[in-house]
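A.B. asks: Sequence:
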Amino acid sequence: MDLLNTLVDKGLRREAPTRDEALAVLATSDDELLDVVAAAGKVRRHWFGRRVKLNYLVNLKSGLCPEDCSYCSQRLGADTGILKYTWLKPQEASEAAAAGLAGGAKRVCLVASGRGPTDRDIDRVSDTVKAIKEQNEDVEVCACLGLLSEGQAERLRGAGVDAYNHNLNTSEATYGAITKTHTYADRVDTVRKAHAAGLSACSGLIAGMGETDADLVDVVFSLRALDADSVPVNFLIPFEGTPLAKEWHLTPQRCLRILAMVRFVCPDVEVRIAGGRELHLRTLQPLALHLANSIFLGDYLTSEGQAGKADLEMIADAGFEVETTEQVTLPEHRRGGGCGSVCGSGEAEACGAGAGAAEAAGAETDAAASGSGTAAAETAVPGARTDLVAVRRRGAGTDLAPNA
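Heads up: the sequence shown runs through residues 0 to 403, numbered per numbering that gives the first Met the number 0.
Hints listed in this document are in silico derivations from the structure and should not be mistaken for laboratory results. Hints should not be assumed to be uniformly reliable.
[Stated by the list, open to error] With a straight-line Cα cutoff of 20 Å, these simulated DMTMM-like cross-link-like pairs (lysine to aspartate or glutamate) come out:
1. Lys41 / Glu320
2. Lys179 / Glu66
3. Lys132 / Glu325
4. Lys132 / Asp120
5. Lys129 / Glu153
6. Lys83 / Glu239
7. Lys132 / Glu91
8. Lys245 / Asp67
9. Lys88 / Asp120
10. Lys83 / Asp67
11. Lys83 / Glu325
12. Lys41 / Asp8
13. Lys132 / Glu153
14. Lys132 / Asp122
15. Lys41 / Glu31
16. Lys179 / Asp78
17. Lys88 / Asp118
18. Lys88 / Asp78
19. Lys9 / Asp34
20. Lys9 / Glu331
21. Lys129 / Asp161
22. Lys88 / Asp126
23. Lys179 / Asp67
Please take these sequences and the hints and turn them into a complete structure.
C.D. replies: And the structure:
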C-alpha cells in the first residue's frame, strides 16, 4: 500500500505525516490491519528496537477531586465505589513503588487527584521522591498532580522528579464537552511549565469518548507540537457512576489503528499503552507491542489491570524484552528534551513558539469534528466486554498486596 510505504519513510526520517495521511490510517479496513501494524512496527523498531519500558502507578491520593472530568472515576460527585483516601505517607508510597520496581518497572508514576497541588503538596511529593530514590537510585520518577502554578515545576525538578504527566486527553474543539472546570489551554500551559523547568514532558490522550477521527488526529498533532517525550494512549474505561458509563465505542482493531496513527505522527517518542488496554485490546495486546514501546505494569489508579506476571510473559512470548535501567529509552537526538528534540524535522515553527503552538495544531479541526463529543454514539460496539471493568481494591491505600 503506497500510503504505508510513505508513512514508514516519513517515520524513519522523523517527518510528520499529513493530516489526511493520519486520517487514512484510522480509516483502513480490518483486512488491511496487519499491514498497518507491520508498517508502524518498522518505525517502532527503528527507534526503539524490541524494548518495552515498564511503568508503575502509585496513587498517592485517591478520589476527593473537585474537577468534573466526564471520563474520570474520581470526578466531583461520582458514585463509582472507588477507593478514597488522602495522601499516602512517603514510606507507604515508597513501599508501593518497590513492588512495581521488583516486577521490572523502570519508571514510577506518582499520581494525586485534585485540580492541582498546593505548595504543601509539593513538599509531600518531594519527601516521597526522596524516600523512593534513597531505596532505588536509578528509578525514574514521573509526577502527575494536576495543573501547576508558577515555580512548582522547578521545585519538583529540584526534588528529583524526572518527568511530569498532564494529558491533553482530546482535541481543543471538543474539550469543553468533556470538562467544564478547567480548559484545554490550562492543560497546555501546565505541559509547557513542566517542559520549561527541564522536566521530561509526558502528555497523551483518551480514546473512546465518542470523538471523531478528526479529534484523534488533532490531539495527536497537538502533542507532537508540544514536543512530548512520552505519549500515553488511554482507552476509556466506562465506569458506572460517570457521565461516560455507556460509551463503548472501541474494538481491538480500532485500538490498534489508533496506536499505529500515534506512532506515525510521533515516530521517535515513547508511545505508552495506558489505561484500558486489557479491556479493549484484550487478546490482541501482543500486537500492540509492535506499535508502542511502553506499558503500565499491574493495576491502574482506580481500576485493576492484568496481572504483572502475565504482562511479563506476554512481552517475552511476543519476542520483546523488558527495558533495563542501563538502557536509555529515547533516541539520542531526543535526550534532554527542549527544542533539540524536533527542530530540523519540518516543525521548527513549533519550538519556542509560545503557548499558541499546540493550540494552533488543534485548531485545524474541520467542521465534521466540531459537533463531536460524548454524544457521538449511544450504542456499544459488538463484543464490548463490560464485565471486565473492575475497581481496584489492592495495592496503594489498602492492606492488600499490589498486583505487580
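A.B. asks: Confirm or reject each hint.
C.D. replies: Okay, the hints, checked on the actual structure:
The suggested pairing of Lys41 with Glu320 holds, with an alpha-carbon distance near 17 Å, which does not exceed 20 Å. As the CA atoms of Lys179 and Glu66 are separated by approximately 8 Å, the hinted pair is consistent with the 20 Å bound. A C-alpha spacing of about 16 Å is found between Lys132 and Glu325, which places the hinted pair at or below 20 Å, so the restraint holds. With a C-alpha separation of about 18 Å, the suggested pairing of Lys132 with Asp120 holds against the 20 Å cut-off.
At roughly 16 Å between alpha-carbon atoms, Lys129 and Glu153 fall within 20 Å of each other, so this suggested pair holds. Annotation: proposed proximity of Lys83 to Glu239 holds, straight-line Cα distance about 16 Å (limit 20 Å). Between Lys132 and Glu91, the direct Cα distance comes to roughly 14 Å. Compliance with the 20 Å bound is thereby established for this hinted pair. Distance check on the hinted pair: Lys245 and Asp67 sit about 17 Å apart at the alpha-carbon level, within 20 Å; holds.
The hinted pair formed by Lys88 and Asp120 meets the criterion: a straight-line CA distance of about 12 Å does not exceed 20 Å. In summary, the hint linking Lys83 to Asp67 is supported, as the alpha carbons are separated by about 16 Å, within the 20 Å threshold. Between the alpha carbons of Lys83 and Glu325 the distance comes to roughly 37 Å, so the proposed pair goes past 20 Å and is violated. A threshold of 20 Å between alpha carbons decides the hint, and for Lys41 with Asp8 the separation of about 10 Å falls inside it, so the pair holds.
Taking the CA atoms of Lys132 and Glu153, the gap is about 18 Å. The hint holds against a cut of 20 Å. With a C-alpha separation of about 15 Å, the suggested pair Lys132 and Asp122 falls inside the 20 Å cut-off, and the hint holds. A C-alpha spacing of about 16 Å is found between Lys41 and Glu31, which places the hinted pair at or below 20 Å, so the restraint holds. Simply put, Lys179 and Asp78 have alpha-carbon atoms about 19 Å apart, close enough for the 20 Å limit, and the pair holds.
Proposed proximity of Lys88 and Asp118 is supported: the alpha carbons are some 16 Å apart, at most 20 Å. Between Lys88 and Asp78, the direct Cα distance comes to roughly 26 Å. Violation of the 20 Å bound is thereby established for this hinted pair. Annotation: proposed proximity of Lys9 to Asp34 holds, straight-line Cα distance about 17 Å (limit 20 Å). Restraint check for Lys9 and Glu331: satisfied, since their Cα atoms lie roughly 18 Å apart, inside the 20 Å limit.
Under the criterion of a C-alpha separation no larger than 20 Å, the hint pairing Lys129 with Asp161 is consistent with the structure, at around 12 Å. Restraint check for Lys88 and Asp126: satisfied, since their Cα atoms lie roughly 9 Å apart, inside the 20 Å limit. With a CA separation close to 7 Å, the supplied pair Lys179 and Asp67 stays within the 20 Å bound.
Comparing the model with each numbered hint stated earlier shows that hints 11 and 18 do not hold.
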